[in-house]
Amino acid sequence: MSEIAPHAVSAGDPAVIAARTQEDVAVGNEIVRHRLSSRVMHWTVALAFMLTLITGMPIWTPIFSWMAFLVGGLHVCRWLHPWSGAAFFVGMLWMLIHWLASMKLAEVDKKWLSPTAIIKYLNYPETDQQTGKYNGGQKLFFYVVVIDAVLLFATGFVLWWPSFFPQAVREPSIPLHDIAFLLFVVSIIGHVYLGTAAFPGTFGSMMRGTVTRAWARLHHPKWYRDVTGDKRS
Amino acid sequence: MAASMQIRRSSASLRGEDSLIRKLPVVSKYIDTTTCIGCKACEVACQEWNDLKVVKTEQTGTYQTMPTLHAEYWNLIKFSEHDLGDSLAWLMRKDQCMHCADPGCLKACPAPGAIVQYANGIVDVNPDKCIGCGMCQTGCPFDVPRFHEKTAKMSKCSLCVDRVEVGLEPACVKSCPTGCLHFGTKEAMLELADTRLLQLRANGFTNAAVYDPKGVGGTTVVTVLAHGDHPEWYGLPKDPHIPLGVRFAKSILKPLGLIAIFGAVAGMFGHYLRSGPKEPHEPPPGGADQSGTTKETRP
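Protein sequences appear in the order of chains E and P. Read in order, the letters of the first sequence are residues 1 to 233 in our numbering. Read in order, the letters of the second sequence are residues 1001 to 1299 in our numbering.
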């Protein structure tokens, strides 16, 4: 924990820049939320996902044929989609190892185990004061995408090498790959929206690594108290 | 692939079915399994006309050239034997693409125009558009399309569409010495089949039937079976349909998925219009509200 007074340094201060490779440290008004390795990991997975998405969507339906032109046509998609998908899967395993310890469901997160939880969350209620570094929704999102990535890779592997699998395996793989893909895409649409437009300051946490004290108190009060030692709730 | 033919349906096409200006009669290949002697002349003719490479034959102890169709072997006389109690049935059936009226391969194919159905009912692979994903093999109820290792494209019988479009019969039909193969309009071929069925029934094959399964809208290849009540003896599915997984993915998941994706985007956009961003509304800690030197939210 930093000894520097909250307002002695600003975002561009060398002390803040130096702290960006650490995590959960407060430097002046800034708190480092995602250290460099977390950010590199996140954007590696995101890049592999985007590549897999734009090479997969035109194979799914011709409405998205135009995406195929971004990589040189549908023939390239058939070759590239499985490889970028495999890279994405490896990235997700990296993510699993990197973040699993942070994603244990706490008592306060249990209320997220309701199907209407996300609707309530989008109505911007007061944040529960016991909300830690990640809230229940973020933790569930983590488990959903990791499990979904396993399903995507398992069914995708069959579609990659159809000659090695019997009809009884190939046939269900087509709809299962579609269902897993749709679940993933809808989740990611929500993830991108909440991480950018809906909660200002969140995108910066994944780019520069830091958030402001106010952002931390608003979204993750318990994490804020743990990191800063500020006992106000 | 003969590009000069009118196309009725095309894979991965958003266009509705049947946009033909001129209706053409559906053609058909008639296969009479009861007069096939298994001479393999049709297999050779197919290889020769379609310029297919030599595929290594595989002896499995029957009168069959190899166990199954191959990317360079589109026409295979399948042999099977059945103990009927007092006699033995030796069954020869010409295995090839059935050219379904409702082709599962075409439905499963994700590449626009890679599988087409011509106005005359012939279903063909367009190698130029084919991406070699193999979905058509999964979509086919008869397990016909094959992946070609060298070209990385799918291949199958084209019903010699290049011959048919200039008024010739398919190479296999041309070569058949017993007359068990015929080619003409589907109407004419079904008539021929009916005549043959009468003969077969008079000869004691009371279950003789024409194999033209309705589950795939009928097939352009019509097959006369002496044991019509047991198509599985010939290696034919009893009631073929486009596989459920393919139909579910293409007819239900695809529209539902599009609604889900665009719905999610619209929902998030609508949420922003209604609720806007969630930002800190409390006075910042440390008295920055007096000094005014610290911004609590990022630009």
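Read the hints as simulated data drawn from the structure, not as lab findings. Treat the hints with care, as some may be off.
To be verified - Covered stretches of chain E (in silico footprint by chain P; criterion: 3 or more residues with CB under 8 Å from a CB of chain P, positions within the stretch not fixed):
#1 46-56
#2 59-69
#3 87-94
#4 112-125
#5 129-143
#6 186-196
#7 206-218
To be verified - Straight-line Cα separation of at most 27 Å, DSSO-like style, residue types lysine-lysine; simulated pairs:
#8 E:Lys110 x E:Lys231
#9 E:Lys222 x P:Lys1278
#10 E:Lys231 x P:Lys1174
#11 E:Lys110 x P:Lys1278
#12 E:Lys120 x P:Lys1040
#13 E:Lys139 x P:Lys1278
Predicted, not measured: the structure shown is a model, and the values here were computed from it. From the three backbone atoms N, C-alpha and C, an ideal C-beta is built for every residue, glycine too.
Hint-by-hint comparison with the structure:
Counting residues of the stretch 46-56 of chain E whose beta carbon lies closer than 8 Å to any beta carbon of chain P gives 0, which falls below the threshold of three, so the coverage claim is violated. Only residues whose C-beta sits within less than 8 Å of a C-beta in chain P count toward coverage, and the stretch 59-69 of chain E has 6 of them, enough to reach three; the restraint holds. Judged by the Cβ-Cβ criterion of 8 Å, the stretch 87-94 of chain E is not covered by chain P as claimed, because only 0 of its residues qualify and three are needed. Given a C-beta distance limit of less than 8 Å, the hint that chain P covers the stretch 112-125 of chain E holds, as 3 residues qualify and 3 suffice.
Beta-carbon proximity to chain P at under 8 Å applies to 0 residues in the stretch 129-143 of chain E; the threshold of 3 is not reached and the given coverage is violated. Here the stretch 186-196 of chain E counts 4 residues with a CB under 8 Å from a CB of chain P, which clears the bar of 3, and the coverage holds. Under the rule that three or more residues need a Cβ within less than 8 Å of chain P, the assignment of the stretch 206-218 of chain E holds, with 6 such residues. A C-alpha spacing of about 24 Å is found between Lys110 of chain E and Lys231 of chain E, which places the hinted pair at or below 27 Å, so the restraint holds.
In summary, the hint linking Lys222 of chain E to Lys1278 of chain P is supported, as the alpha carbons are separated by about 18 Å, within the 27 Å threshold. For the hint linking Lys231 of chain E to Lys1174 of chain P, the alpha-carbon distance of about 92 Å lies beyond 27 Å, and the restraint is violated. At roughly 23 Å between alpha-carbon atoms, Lys110 of chain E and Lys1278 of chain P fall within 27 Å of each other, so this suggested pair holds. Between Lys120 of chain E and Lys1040 of chain P the alpha-carbon distance is near 71 Å, which puts this suggested pair outside the 27 Å criterion.
Pair hint Lys139 of chain E plus Lys1278 of chain P holds up; C-alpha atoms about 20 Å apart against a cutoff of 27 Å.
Of the numbered hints listed earlier, those contradicted by the structure are 1, 3, 5, 10, 12.
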